[in-house]
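Colleague: The lines below spell out each chain.
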Amino acid sequence: MIETRGLRKSFRSRAGRETKTVDAVRGVDLDVAKGEIFGFLGPNGAGKTTTLRMLATLIEPDGGEATIAGADLRKDPAEVRRRIGYVPQGGSTWDESTAREELVLHARMYGISKADAQRRAARALDAFQLTEYADRKCKTYSGGQRRRVEIALGIIHEPKIVFLDEPTTGLDPQSRAHMWDEIRRLRADGMTVFITTHYLDEADALCDRIAIMDNGEVVAEGTPTALKREISGDVVLVGLDLAATPQAAQTLDGEPYVNKLETVDEGGLRLYVDEGATAIPQVLRRLDHAGLELRSIELHRPSLDDVFLTKTGRSLRES
Amino acid sequence: MKFARDTWLIFQRQTQLLLRNPVWVFVGVFQPVMYLLLFAPLLKPALNAPTQAAAYKIFVPGLLVLLAIFGGLFQGFGLIAELRAGVIERSRVTPISRLALLLGRSLRDVVSLMVQAVIITLLALLFDLRVFIGDLLLAYLMLALIALMTSAVSYGVALKVKSEDALAPLMNTVAQPVLLLSGILLPLTFAPGWLQGIANWNPFSWAVDGTRALFAGDLGSDKVWQGLSITAVLAALGVYWAARQFARSVR
Ligand SMILES: Nc1ncnc2c1ncn2[C@@H]1O[C@H](COP(=O)(O)OP(=O)(O)O)[C@@H](O)[C@H]1O
Ligand SMILES: [Mg+2]
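So the sequence lines, in the order shown, correspond to chains H and L.
When we follow this note's numbering, the leftmost residue of the first sequence carries the number 1, and every step to the right adds one.
When we follow this note's numbering, the leftmost residue of the second sequence carries the number 1, and every step to the right adds one.
Don't read these hints as lab results, they were simulated from the structure.
Quantities reported herein were computed from a predicted structural model and do not represent experimental measurements.
Fair warning: there could be bad hints in the mix.
[Unchecked claim] 27 Å max Cα-Cα, derived DSSO-like pairs, lysine-lysine:
id: 1; chain 1: L; residue 1: K2; chain 2: H; residue 2: K160
id: 2; chain 1: H; residue 1: K34; chain 2: H; residue 2: K75
id: 3; chain 1: H; residue 1: K137; chain 2: L; residue 2: K162
id: 4; chain 1: L; residue 1: K2; chain 2: H; residue 2: K114
[Said to hold, decoys possible] Here are the in silico distance ranges between beta carbons for each label pair:
id: 5; chain 1: L; residue 1: F30; chain 2: H; residue 2: D76; range: 49 to 55 Å
id: 6; chain 1: H; residue 1: N215; chain 2: L; residue 2: V233; range: 46 to 52 Å
id: 7; chain 1: H; residue 1: R187; chain 2: L; residue 2: A4; range: 34 to 40 Å
id: 8; chain 1: H; residue 1: D76; chain 2: L; residue 2: V29; range: 44 to 50 Å
Here a beta-carbon is modelled for each residue, glycine too, at the ideal position from N, C-alpha and C.
Isolated chain H, as found in the complex:
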């Protein structure tokens, strides 16, 4: 659905007398499949918005090429515009307009007739549960309501692909969960959804596949599960009394499924294993055989932050 090769963009910015060049995007290759939610995960300034704006025909790439929904980005940007929807990061509605007016106008900007635009607006308002506020000015909406209007704007012309730039940034947890449902609904309708986010949990829970971006480059790509598995296995935390810990360590050390074993100072063990789900029953059996009583057992899966840390040497939480 989206295929990019070597997409590049630099900005020249003037600070006082000096001109500085920022390489915002340095050669991005992506392949996004039809009907998936593809996520762009990365810290602020990674180049996510710049990439999206290039794909949405808003800025011209310095280099590279892209095919979007079958249309060539460089040769036929007008056709790309017809096939995509784009919801910018910082909002796109006008304070003094109502949601209905915005939707009708936006549909008509795509060349849709007035009557059809009105029908589509009514349908979108209904689908996004906005009918109640449809004729109130946008400035009276809550953050979540306004964001839903903006997403509705992005898909009013039924595009094949919709780009959502940080759709949940600034929303409270409840509105975020609501927004995730809306985005999944778009996928269920057959749309390809390309979102950017700097939330680890969002990339993890919502996206079918993600690309991790840092400093203008894609540093990793794959399904969240595969990415996490790639870096290390799982960690099993075994809670034990301090007295029982040395014997337990002796019992489990050298078991074939334990890659590495550490003792915890307050009592207990940390086991590094490939697959937590298969290791846990074996651990339980061994300890039971040895007559050791355990207080708790926990499975820790590596997070996407661990992936980010491995690939960039920094934690996404800190940057």
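We have chain H; now place chain L with the ligands onto it with these hints.
Modeller: Just chain L with the ligands now, kept in the frame of chain H:
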């Protein structure tokens, strides 16, 4: 066809939003009326005009050109607000004509100026101003071209500088000499030669002279076609340049 439709779409939207704001409607009507009622009485003595009507024939065209220039030049502020709200970015991802994005807005400005001009003309009629309707319509054409140019340029500059803080001083710096050197408020008849020499390079000076000639019923005067041609060419250039900014503006 698509272009006309797109332009109409933007024009409608912008007009609707303007009318929704009662403050703007009030200011737009009230301001010129104040000029006419409070400033004009000083003119007869100042201009050494034989009658009040004669003074109005000089002052009203100047006032109208002034409104056209300023009405246009400050439209950029509204655009910066739209830019910040993301409305422009949202429009630019649709296949709508880039020229229509500009022209729909500029035409709204032209029409609102025309409304102001008609109100002022009607009021001035009460003060014994008499203008032949054909001349008046040509004068309105001149005003429309001026407003089209200044509003287009203002939009183009707004897209370039992207902040009110930069736009305000820029527009003031441009507007001030243009205003002083065009003889808008007082004709440059009594100005020393060097001042008139500079004014010759000011296109608005030609526009004012042309408009005054029309109000004086002097349709055959060279100043009329000169003023009209200069403003028409500048309006075309302004629109062309500003539409390009809409096509490639970044953020
Ligand atoms: N219009 C611009 N002019 C100059 N620099 C820009 C512009 N847009 C983005 N940048 C710079 O490019 C880099 C990437 O920005 P962006 O794509 O917005 O990142 P993200 O969306 O991942 O936070 C940043 O360093 C940013 O400052
Ligand atoms: Mg961004």
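Colleague: Against this structure, judge whether each hint is valid.
Modeller: Going down the list of hints, with the structure as the test:
1. Taking the CA atoms of K2 (chain L) and K160 (chain H), the gap is about 23 Å. The hint holds against a cut of 27 Å.
2. Restraint check: the Cα-Cα separation between K34 (chain H) and K75 (chain H) comes to about 22 Å, which is no more than 27 Å; the hinted pair holds.
3. Between K137 (chain H) and K162 (chain L), the direct Cα distance comes to roughly 25 Å. Compliance with the 27 Å bound is thereby established for this hinted pair.
4. With a C-alpha separation of about 14 Å, the suggested pairing of K2 (chain L) with K114 (chain H) holds against the 27 Å cut-off.
5. Between F30 (chain L) and D76 (chain H) the C-beta distance comes to about 50 Å, which sits within the given range of 49 to 55 Å.
6. Restraint check, N215 (chain H) to V233 (chain L): a C-beta distance of roughly 49 Å satisfies the suggested window 46 to 52 Å.
7. For R187 (chain H) and A4 (chain L), the hinted distance range of 34 to 40 Å is satisfied, since their beta carbons lie about 38 Å from each other.
8. Our hint of 44 to 50 Å for D76 (chain H) and V29 (chain L) holds, since their Cβ atoms are close to 48 Å apart.
Of the numbered hints listed earlier, not one is contradicted by the structure.
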